[in-house]
Amino acid sequence: MNLGALHTSLIETLSLTLVITSVAAVEMRRLKFSIVAYLCQALLIVGLLLSFAAVNTALYWWAATAFVTKAILTPWFLFRALRGVDDHELKPVIGFGPSAVIAALLMLSFFHLTHGRGAFLAPTELGQLGVFRTNLAVASTVFALGLYAVLTRRDAIKAVIGLCLLENGVHLSLVSLAPGLSETALFGIATEVVVTVFLLLYVIEGVRREFGSTDTFRLRELKW
Amino acid sequence: MVGDVLIQASALPAIVFLLPMLVGTMMFFVPGMGRAAQQWVSVLSAALVTGLGVWMASRILTGVVLTTWNRELRVDALSALMVVIIGAIGLLASLYSVRYLSARMAENTTLRRMRIFHGLLMWFFGTMLWGCVTNNVIMLYVAIEATTLTSGLLVAFYWDRRALEAGYKYLMLLTIGITFALFGCVLLYAGAAATGKLAGASALLISDIRNVASFIPGRTAAITIAFLVIGFGTKAGIAPFHPWLPDAHAEAPTPISVLLSGVMIKMALYAMARTVSIFYLPWPQITVFLVVLGTFTMLLGIILAMTQDDLKRLLAYSSVSQMGYVLVGIGLGTYLGCYGGLYHLLNHALYKSLLFMCVGAVIYATGVRRIAELGGIRKQMPITSACFLLGAVAIAGFPPLNGFWSKLTVYMALASAGMWWAAIIAILTSVLTIVVMLRVGYRVFWGEPRSSVPSTLAAREVPALMWVPMVALAAMCVLLGIWPQGPYPLLDRAAKALATLGR
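Same order as they appear, the protein sequences are chains A and B. The first sequence begins at 557 in the working numbering and counts up one residue at a time. The second sequence begins at 828 in the working numbering and counts up one residue at a time.
Among the hints, erroneous ones may be present.
[Unchecked claim] Quick list of the computed label-pair ranges, beta carbon to beta carbon: (1) Leu669/A x Arg862/B: 51 to 61 Å; (2) Ala656/A x Ala874/B: 55 to 65 Å; (3) Gly1023/B x Ala609/A: 21 to 31 Å; (4) Ile650/A x Trp1310/B: 52 to 62 Å.
To be clear, the hints were calculated from the coordinates, so they are not data collected in a lab. The structure presented is a predicted model; accordingly, all values stated were derived computationally and were not measured. Glycine residues also receive a C-beta, built at the ideal position from the N, C-alpha and C atoms.
Could you put the whole structure together from the sequences, leaning on the hints where they help?
Take a look at the structure:
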């Protein structure tokens, strides 16, 4: 096996593991395990960015930014929000079985989409390469799983984890779509995600005090 | 196409947004700065920003476009119009907040968080201005997301059940919504870079992407437009992406409601107009889509407003409806449509801020915001009543006031584009607006006094620092009504920057 093929298969393995960590982060009932799954995903993204950096050296910067914001700050904020409270997630709207089926279907359809007519999603020349198409499919799957978690989970902390997954998907897609992005723009995008997570957890802390739980179904004061 | 404009290097676009950002940072990190000092520094910076905006506008009227930082920041007539609106409404809102917030100080733990209020207000202000002056498509997203983050804690400022719920929804829904806009912006950049006609970083500049729009393949353009409309539309309160809006606008402190309804949703629509209008020339079909979305928004907004019993929520839904008019005008893509849309944007900023301030004054004086519990407070609060009536008549579009002229322009634009059905829906919405606003004005200010709520009987007129901004806005509404050609030079250039379809 030559080096190029090894590189491709490494990237594809990492990409698939990413989807598995997303499913784990969405499905784990203990929120702490969920955060650990998220942390694993963040580290995988850093690894993936480093391996892509062999093709595009600008990505070393991205890897560093992702490491600080996604693998250190975000999990730290999340763990801090869970300190001293029961971390069992409230029963979600849709259980494990249907969720797994939905995840598999999402993955398959995105692979089909990007490998069939990917040109309209990633019009750059680099985006036409096989690895970048796989990456785009994985990014879309992670994004969709994050959105799914936000929409179907009752627990506000779980919704924030879903939001983090969603943003990870965006971050991954940028590798294929906009490899020429400047560091300042990237830094801006990555920082805002961390600030969003911080502010949301701060508000959720207030919600926990006022409402007695982080159940979003109890947020029923405002209607229409 | 913008064609041959004279580009002039100037530091003004950078100063105008860095000034409030620096002032805000200073408020966080300079200890011992009293509340009074913070208040007046905020008012002063807002006044300076307005002055800078007017200065930029006057330079642009001589036929130049101001750029700086390698064209990363670019101010044309459209940006200058937005800067002036943001500056002026920000100035009046910060003036209004001086007394309004003092009233809540004694009630709860507001005092402790008061320290961050003005700092966040200035950052909110600065990020909105940044979004209006930037020419970088990714930074446009970053700035708009930054406005969400800086205003998130301001929405939840009172920290009670309702405010926390509104704050959570606000941050969550807007962050997800705006992520779609990020995809849209990135695809716009990727599409422009793939045409191979723009070198390196210039594919990030909106003013350059405009020139290569016709080379972007159709399917990429379609998906880009869809993402941009969903993303920026969520932030602009376009139905069906509006559910965050009534919660946030109603639960935020009134000066923040004024800024959210008066300017923030408009600068999101500005972002949408800037990016989507790139595709008007190669893909004129999207104008039909935008007009359909706009008419749906205006009709749904006013129908939901009719069912409200809460004064602030009613105004918030009315904002949704009014954004429909702006979207219809700008989405039409013709010169007349863009002119009407932008003119309506300016007018709505004036009278919706006025109405929110009046309702805030009622809440300040009586502590009540349910329409059913209010009635006949005209005698106690003559100035507020007069201002509310004027604002209601203006938003309803009665002839001698400003709302009439911009709505008329939108109707005319729709008619001349052959979209009679949309013109009819717009007129119908206008009739419903008259019903909603005048009914509320009558019940709250005229009607029978409600003796069941004792605080409404003891209500008194609000202090001068609150009614002066209201009177100033009311005067602007009257002035633009009897002198509608006043803003013409600026609006004309701004509309030309957007309108690329036939005149």
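Against the structure, the hints:
The hinted window of 51 to 61 Å between Leu669/A and Arg862/B holds, with their beta carbons roughly 55 Å apart. In this structure, Ala656/A and Ala874/B meet the distance hint of 55 to 65 Å, their C-beta atoms being roughly 59 Å apart. Look at Gly1023/B against Ala609/A: about 24 Å separates their beta carbons, and that is inside 21 to 31 Å. Our hint of 52 to 62 Å for Ile650/A and Trp1310/B holds, since their Cβ atoms are close to 59 Å apart.
When held up to the earlier numbered hints, the structure conflicts with none and fits them all.
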